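Q: One letter stands for each residue in the lines below.
There are 4 protein chains.
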Amino acid sequence: MRVLMIGDIVGRPGRKAVQELLPYLLHEYRPDLVVANGENAAGGNGITPPVAAELFNRGIHVLTMGNHVWDKREAENLLEEEARILRPANYPDGTPGRGYTIIRVKEDLQVGIINLSGRIFLSTLECPFRLARLLAEEIRATTRMILVDFHAEATSEKVAMGWYLDGLVSAVVGTHTHIQTADARILPGGTAYITDVGMTGPRDSILGVKTEIVIKKFITQMPVRFEVATGPVQLEAVLIDINPDTGRAEAIQRLQLYGTS
Amino acid sequence: MRVLMIGDIVGRPGRKAVQELLPYLLHEYRPDLVVANGENAAGGNGITPPVAAELFNRGIHVLTMGNHVWDKREAENLLEEEARILRPANYPDGTPGRGYTIIRVKEDLQVGIINLSGRIFLSTLECPFRLARLLAEEIRATTRMILVDFHAEATSEKVAMGWYLDGLVSAVVGTHTHIQTADARILPGGTAYITDVGMTGPRDSILGVKTEIVIKKFITQMPVRFEVATGPVQLEAVLIDINPDTGRAEAIQRLQLYGTS
Amino acid sequence: MRVLMIGDIVGRPGRKAVQELLPYLLHEYRPDLVVANGENAAGGNGITPPVAAELFNRGIHVLTMGNHVWDKREAENLLEEEARILRPANYPDGTPGRGYTIIRVKEDLQVGIINLSGRIFLSTLECPFRLARLLAEEIRATTRMILVDFHAEATSEKVAMGWYLDGLVSAVVGTHTHIQTADARILPGGTAYITDVGMTGPRDSILGVKTEIVIKKFITQMPVRFEVATGPVQLEAVLIDINPDTGRAEAIQRLQLYGTS
Amino acid sequence: MRVLMIGDIVGRPGRKAVQELLPYLLHEYRPDLVVANGENAAGGNGITPPVAAELFNRGIHVLTMGNHVWDKREAENLLEEEARILRPANYPDGTPGRGYTIIRVKEDLQVGIINLSGRIFLSTLECPFRLARLLAEEIRATTRMILVDFHAEATSEKVAMGWYLDGLVSAVVGTHTHIQTADARILPGGTAYITDVGMTGPRDSILGVKTEIVIKKFITQMPVRFEVATGPVQLEAVLIDINPDTGRAEAIQRLQLYGTS
Ligand SMILES: [Fe+2]
Ligand SMILES: [Fe+2]
Ligand SMILES: [Fe+2]
Ligand SMILES: [Fe+2]
Ligand SMILES: [Fe+2]
Ligand SMILES: [Fe+2]
Ligand SMILES: [Fe+2]
Ligand SMILES: [Fe+2]
Numbered sequence: 001m002r003v004l005m006i007g008d009i010v011g012r013p014g015r016k017a018v019q020e021l022l023p024y025l026l027h028e029y030r031p032d033l034v035v036a037n038g039e040n041a042a043g044g045n046g047i048t049p050p051v052a053a054e055l056f057n058r059g060i061h062v063l064t065m066g067n068h069v070w071d072k073r074e075a076e077n078l079l080e081e082e083a084r085i086l087r088p089a090n091y092p093d094g095t096p097g098r099g100y101t102i103i104r105v106k107e108d109l110q111v112g113i114i115n116l117s118g119r120i121f122l123s124t125l126e127c128p129f130r131l132a133r134l135l136a137e138e139i140r141a142t143t144r145m146i147l148v149d150f151h152a153e154a155t156s157e158k159v160a161m162g163w164y165l166d167g168l169v170s171a172v173v174g175t176h177t178h179i180q181t182a183d184a185r186i187l188p189g190g191t192a193y194i195t196d197v198g199m200t201g202p203r204d205s206i207l208g209v210k211t212e213i214v215i216k217k218f219i220t221q222m223p224v225r226f227e228v229a230t231g232p233v234q235l236e237a238v239l240i241d242i243n244p245d246t247g248r249a250e251a252i253q254r255l256q257l258y259g260t261s
Numbered sequence: 001m002r003v004l005m006i007g008d009i010v011g012r013p014g015r016k017a018v019q020e021l022l023p024y025l026l027h028e029y030r031p032d033l034v035v036a037n038g039e040n041a042a043g044g045n046g047i048t049p050p051v052a053a054e055l056f057n058r059g060i061h062v063l064t065m066g067n068h069v070w071d072k073r074e075a076e077n078l079l080e081e082e083a084r085i086l087r088p089a090n091y092p093d094g095t096p097g098r099g100y101t102i103i104r105v106k107e108d109l110q111v112g113i114i115n116l117s118g119r120i121f122l123s124t125l126e127c128p129f130r131l132a133r134l135l136a137e138e139i140r141a142t143t144r145m146i147l148v149d150f151h152a153e154a155t156s157e158k159v160a161m162g163w164y165l166d167g168l169v170s171a172v173v174g175t176h177t178h179i180q181t182a183d184a185r186i187l188p189g190g191t192a193y194i195t196d197v198g199m200t201g202p203r204d205s206i207l208g209v210k211t212e213i214v215i216k217k218f219i220t221q222m223p224v225r226f227e228v229a230t231g232p233v234q235l236e237a238v239l240i241d242i243n244p245d246t247g248r249a250e251a252i253q254r255l256q257l258y259g260t261s
Numbered sequence: 001m002r003v004l005m006i007g008d009i010v011g012r013p014g015r016k017a018v019q020e021l022l023p024y025l026l027h028e029y030r031p032d033l034v035v036a037n038g039e040n041a042a043g044g045n046g047i048t049p050p051v052a053a054e055l056f057n058r059g060i061h062v063l064t065m066g067n068h069v070w071d072k073r074e075a076e077n078l079l080e081e082e083a084r085i086l087r088p089a090n091y092p093d094g095t096p097g098r099g100y101t102i103i104r105v106k107e108d109l110q111v112g113i114i115n116l117s118g119r120i121f122l123s124t125l126e127c128p129f130r131l132a133r134l135l136a137e138e139i140r141a142t143t144r145m146i147l148v149d150f151h152a153e154a155t156s157e158k159v160a161m162g163w164y165l166d167g168l169v170s171a172v173v174g175t176h177t178h179i180q181t182a183d184a185r186i187l188p189g190g191t192a193y194i195t196d197v198g199m200t201g202p203r204d205s206i207l208g209v210k211t212e213i214v215i216k217k218f219i220t221q222m223p224v225r226f227e228v229a230t231g232p233v234q235l236e237a238v239l240i241d242i243n244p245d246t247g248r249a250e251a252i253q254r255l256q257l258y259g260t261s
Numbered sequence: 001m002r003v004l005m006i007g008d009i010v011g012r013p014g015r016k017a018v019q020e021l022l023p024y025l026l027h028e029y030r031p032d033l034v035v036a037n038g039e040n041a042a043g044g045n046g047i048t049p050p051v052a053a054e055l056f057n058r059g060i061h062v063l064t065m066g067n068h069v070w071d072k073r074e075a076e077n078l079l080e081e082e083a084r085i086l087r088p089a090n091y092p093d094g095t096p097g098r099g100y101t102i103i104r105v106k107e108d109l110q111v112g113i114i115n116l117s118g119r120i121f122l123s124t125l126e127c128p129f130r131l132a133r134l135l136a137e138e139i140r141a142t143t144r145m146i147l148v149d150f151h152a153e154a155t156s157e158k159v160a161m162g163w164y165l166d167g168l169v170s171a172v173v174g175t176h177t178h179i180q181t182a183d184a185r186i187l188p189g190g191t192a193y194i195t196d197v198g199m200t201g202p203r204d205s206i207l208g209v210k211t212e213i214v215i216k217k218f219i220t221q222m223p224v225r226f227e228v229a230t231g232p233v234q235l236e237a238v239l240i241d242i243n244p245d246t247g248r249a250e251a252i253q254r255l256q257l258y259g260t261s
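Here the protein sequences line up with chains L, H, F and W, keeping their order. All residue numbers for the first sequence refer to our numbering, where the first residue is 1 and numbers rise by one. All residue numbers for the second sequence refer to our numbering, where the first residue is 1 and numbers rise by one. All residue numbers for the third sequence refer to our numbering, where the first residue is 1 and numbers rise by one. All residue numbers for the fourth sequence refer to our numbering, where the first residue is 1 and numbers rise by one.
If you are wondering where the hints come from, they were derived from the structure by calculation, not from laboratory data. Among the hints, a few may not be true.
Which copy? The list can't say, so a pair holds if one copy fits it or any two copies do.
[Stated by the list, open to error] Pairs of lysine-lysine residues, derived as PhoX-like cross-links and limited to a Cα-Cα distance of at most 25 angstroms, are as follows:
{"no.": "1", "residue 1": "72", "residue 2": "106"}
{"no.": "2", "residue 1": "217", "residue 2": "72"}
{"no.": "3", "residue 1": "210", "residue 2": "72"}
{"no.": "4", "residue 1": "210", "residue 2": "16"}
{"no.": "5", "residue 1": "216", "residue 2": "16"}
{"no.": "6", "residue 1": "106", "residue 2": "216"}
{"no.": "7", "residue 1": "16", "residue 2": "72"}
{"no.": "8", "residue 1": "106", "residue 2": "16"}
Small disclaimer: the values here were computed from a predicted structure and weren't measured.
Here chain L stands alone, though its shape is the one from the complex:
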């Protein structure tokens, strides 16, 4: 079973990268399941029904989110109604939407997907470690193939999650920093791991935002209005092969593609 996990899609350039480059990936690698982090998909912040629809139409099966999940007003209803969009599971009880799902990818194959948020430098949420274990054990009653998107800032917290879940889930992939890391590996227990999948959006930018705007903010400490950058795009992702019988990852491969637009 092969999963393609795409890093944070940023705004229109990110969606153009998906439009232009996902067909190639689908044809070339024939993933059974395509997951993407969509927290920045709508104008750089949050998600809306049309943006989600567009991404599902392109071939993405499940969207995960992160700290930007509620940036767009429509998100609350959208996540209540759309089971294919996840938000971090460690938001408090009563939060709209869901933090994990089990999706059928072939007649006989199901994959569990868990979305979690880190707490270091980020949000005051429930403990992602304890919840990850709880949810993983619950999902394993149905399937041993489990993918975790751990949306977090600190490398220590992300690497710790990989080791903590090693052997319990098929893959722990980090998102949020928008920079792909070069540490993809299979941990000893069979869990594929990468600290960050990276960003899908404008290449000449600061995490997707126009460089001059972010620099101005750092230099002047004045408020700025972030704008998604333009120019050539990139798509960053990982491809993970999972043994359906054991749930163990057999391979993880980093992907960095550049679009013509």
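Position chains H, F and W with the ligands against the provided structure of chain L, taking the given hints into account.
A: Just chains H, F and W with the ligands now, kept in the frame of chain L:
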């Protein structure tokens, strides 16, 4: 002119990685200048005279530091006396040691090295952007070949520094997160850039520390005593080729080596 | 029913303030219950068995703690064995010690005491709001007189806790900032509230620490070894009168006493 | 020479408190100079020309600001043109507006006013300590009467500033937490000090904001739109008497007034 920049060396395993793998790198790539981040070289935190001496003996020419610079008592005197060890230049006026240096690598080649610290999620220091520009312009009176080690946490701040200094310095390399990133590139103005060079130390660890200790901390929120992990080691670095006439980078290559020990 | 709640006792000077001034308070105001925050009682950080014993001998019935709870090694055993010392209840499951207690103050009077920690700028713990309500409702099966020590940094979080628990508990008193606030009041539902009770320790200090050391740290950004200040002492506290039948607070009075030593 | 310093004025209720209660204060205490923190004066966030004009018309001579200084677009021009509005002086070089001023209060009396921001838990700005000393020494060439509004979060940083400037300025008054502290005193060198002056605005609120909104945010971790609370208002301030010959404070008095509206 070829520079080898080695990511944060962590404790004894990190020094063993240097001992075992640096000779190969020196032989294979023949760098003219070897710089390494040494903020974790002594027992995982800080630097001491014998540890610095050991690293210089192995062939490292300059050590940069970061937020752990003062963890060992001996560091204050050491940095006052040893011009080959830098601490972030944006510490306040009056801080012991120096934040940049110009080193002669061949009879006719000089390279400026600047060490800076980020402020996001890290330390309340002087603005690293303004200071970087100031120092770079000062050093350019002597040489156009300038290497910046930007020791910082947030990817946004690091990428912003790359774009901010593009064309003014030869390379901006990030350190501190201990995870190598997969975004090495030459920016349009000729500055080599990578968000993080990575870590030199025990491979099966959380940023160099024993996995079970860090996980215990996250799960229990109790204080723990960090211990450097054991087992097989890695050395992470980048190799940068700089045109001595223009100061522009001509190539940047990520390196990840694994030791037998 | 009258409760005396004493703000963070800092080191030997704090304990001297208790020794010198608590007898006067006991005689003058005749509280039925004396609670004190003891997170800094041992040398400025944490608690030890002899220090706890000393404070209990002086007439304190219950000690609450905060972010410094584990600073001393002996604390884990101490809190496991000593039911009169509380640590924030919103530490994760499995944490040594307990976060609340019910204490009998007269034959027919019982008071519940809950210790909680804030999360803003402080610690990544469980939600103190949800847990406060849960615990308060549980304790109300036994007694309506409930005192909450909310150990937190941000005024917003502390004031919010007051309003959130108004009518459910008898008092919400803040600790941790070491500066007494001038906002003691009875909220409309009958809950006594103050953002911070203040500090019991050396008066001419920065939160109990020698002024020159803290200033040096801010100016130089170098590591320093904190030392408890010397000189004249203060004891800061609040006195709360609670109606035993309704659990409603009838009065809250700020106290600031200065010792001769 | 008598200065009235009014704590953060929050929105319309804060301005109503000024309208209703400042005439009484002017009549009763006859201050020579009235300073107020205006960072929340316009709708709870920032300042606009009409709001500033209204406050100047009521008898306020100088407005200080804080982290909300740029929340309203009009602020940049306003602070460039209006010398009676200060923003923290430790914003970087090139920031619009000014961080200190010297104001003539009688024919023969001038007072220097410095606005500074803390860095702990707040903003990445220049060192407020070093700058405070620099500006104070500069102003003392003209007058020894100097008032510092230190807009900061952490009590440690604020108390440290008081001790650091003791004897160099007439008063260090804290703002930003919106809760008045009970620690007003004259430090040994003659500097009046209080950690926080408090808030001028709706009394039954969380720092001026509707209680249910802030509580919802803490409980749900969902984004909320802050609204200034309604109901009875308060005005919090301090009154400081300064010896014009020495610049030493002779008295500091906390004020908490409640309006009928
Ligand atoms: Fe993102
Ligand atoms: Fe994110
Ligand atoms: Fe490091
Ligand atoms: Fe570091
Ligand atoms: Fe404390
Ligand atoms: Fe504390
Ligand atoms: Fe304010
Ligand atoms: Fe503020």
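Q: Each hint needs a verdict: does it hold in this structure or not?
A: Status of the hints after comparison with the structure:
| no. | hint | in the structure |
| --- | --- | --- |
| 1 | 72 / 106 | neither (33 angstroms within a copy, 54 angstroms between copies) |
| 2 | 217 / 72 | both (23 angstroms within a copy, 16 angstroms between copies) |
| 3 | 210 / 72 | both (21 angstroms within a copy, 23 angstroms between copies) |
| 4 | 210 / 16 | within (17 angstroms within a copy, 42 angstroms between copies) |
| 5 | 216 / 16 | neither (27 angstroms within a copy, 37 angstroms between copies) |
| 6 | 106 / 216 | neither (49 angstroms within a copy, 38 angstroms between copies) |
| 7 | 16 / 72 | within (20 angstroms within a copy, 35 angstroms between copies) |
| 8 | 106 / 16 | neither (28 angstroms within a copy, 49 angstroms between copies) |
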